[in-house]
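Student: Sequence:
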Amino acid sequence: MKDYMKEFEAHLNKITESVLDDEVQEAGMEMTSQQRKLAEYGRILMDQAATTKDDELSNVMAKVGNELTNFGSSFGARNLEELIKKTGTTPNVIKKLLAYAEGIAATQNTLAADQDQGGLDDEGDDEFTQASDDEMAAMADRAARARR
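Per numbering that gives the first Met the number 0, the very first residue in the sequence shown carries number 0; after that it's consecutive.
Honestly, the hints are just simulated from the structure, not real lab data.
Remember, it's a predicted structure, so these values are computed and weren't measured experimentally.
One or more hints might be untrue.
What follows is a set of in silico ranges between Cβ atoms, one per label pair, in the way DEER data are often shown [stated by the list, open to error]:
| hint | residue 1 | residue 2 | range |
| --- | --- | --- | --- |
| 1 | Gln107 | Ala142 | 39 to 49 Å |
| 2 | Asp54 | Met30 | 29 to 39 Å |
| 3 | Ser72 | Asp133 | 52 to 62 Å |
| 4 | Ala137 | Lys94 | 43 to 53 Å |
| 5 | Arg35 | Ser57 | 22 to 32 Å |
| 6 | Ala139 | Thr50 | 44 to 54 Å |
| 7 | Val92 | Glu134 | 22 to 32 Å |
| 8 | Tyr99 | Phe74 | 50 to 60 Å |
| 9 | Glu134 | Ala49 | 40 to 50 Å |
With a Cα cut of at most 20 Å, we get these calculated PhoX-like pairs of lysine-lysine [said to hold, decoys possible]:
| hint | residue 1 | residue 2 |
| --- | --- | --- |
| 10 | Lys62 | Lys36 |
| 11 | Lys94 | Lys84 |
| 12 | Lys52 | Lys36 |
| 13 | Lys52 | Lys95 |
| 14 | Lys84 | Lys62 |
| 15 | Lys52 | Lys84 |
| 16 | Lys94 | Lys36 |
| 17 | Lys36 | Lys95 |
| 18 | Lys62 | Lys52 |
| 19 | Lys94 | Lys62 |
| 20 | Lys95 | Lys84 |
| 21 | Lys85 | Lys62 |
The C-beta atom is built at its ideal place from N, Cα and C for all residues, glycine as well.
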């Protein structure tokens, strides 16, 4: 038996898809790649602010993070000067917070890529888990001396 409701919804979605996409683009609601990246960094800063013990730093991280998630939107900052005014911080502090968030994002992306490629429990495939030839020779020498 056919599920007519699902067919109707699929057909309706297909018809309205192009219209809705055009409306979003015309209204300027489509985010640029820069806005997406800044929003990601903003969310990271807000998450980190919740665990930061220094209240003043936590507040600055939360303010800057919030403004970054709104960057380029109707009521958000559109450039660095507006971001400075809205957050009440200096350009140097904003740059440091962005670098901090970028570092965390890079680590998260690396971990996600590792997980996608077979997990984080890789066995013996990195230089830290296998002894070099020199280390093996040194261990053999120590073992020989210990027997004497």
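Student: Look at each hint and say if it fits the structure.
Tutor: Now the hints, each set against the structure:
1. Gln107 - Ala142: 39 to 49 Å: holds (43 Å)
2. Asp54 - Met30: 29 to 39 Å: Since the Cβ atoms of Asp54 and Met30 sit about 32 Å apart, the hinted range of 29 to 39 Å holds.
3. Ser72 - Asp133: 52 to 62 Å: holds (58 Å)
4. Ala137 - Lys94: 43 to 53 Å: holds (46 Å)
5. Arg35 - Ser57: 22 to 32 Å: holds (25 Å)
6. Ala139 - Thr50: 44 to 54 Å: holds (47 Å)
7. Val92 - Glu134: 22 to 32 Å: violated (45 Å)
8. Tyr99 - Phe74: 50 to 60 Å: Violated - the Cβ-Cβ distance for Tyr99 and Phe74, about 25 Å, lies outside 50 to 60 Å.
9. Glu134 - Ala49: 40 to 50 Å: For Glu134 and Ala49 the Cβ distance comes to about 43 Å; the hint holds.
10. Lys62 - Lys36: Holds, at about 17 Å.
11. Lys94 - Lys84: holds (15 Å)
12. Lys52 - Lys36: violated (26 Å)
13. Lys52 - Lys95: holds (18 Å)
14. Lys84 - Lys62: holds (11 Å)
15. Lys52 - Lys84: Distance of about 25 Å is beyond 20 Å: violated.
16. Lys94 - Lys36: Distance of about 14 Å is within 20 Å: holds.
17. Lys36 - Lys95: holds (16 Å)
18. Lys62 - Lys52: holds (16 Å)
19. Lys94 - Lys62: With Cα atoms ~14 Å apart, Lys94 and Lys62 stay inside 20 Å; holds.
20. Lys95 - Lys84: OK: Lys95 and Lys84 at ~17 Å, within 20 Å.
21. Lys85 - Lys62: holds (8 Å)
Figure legend: structure checked against the earlier numbered hints; hints not met, in rising order: 7, 8, 12 and 15.
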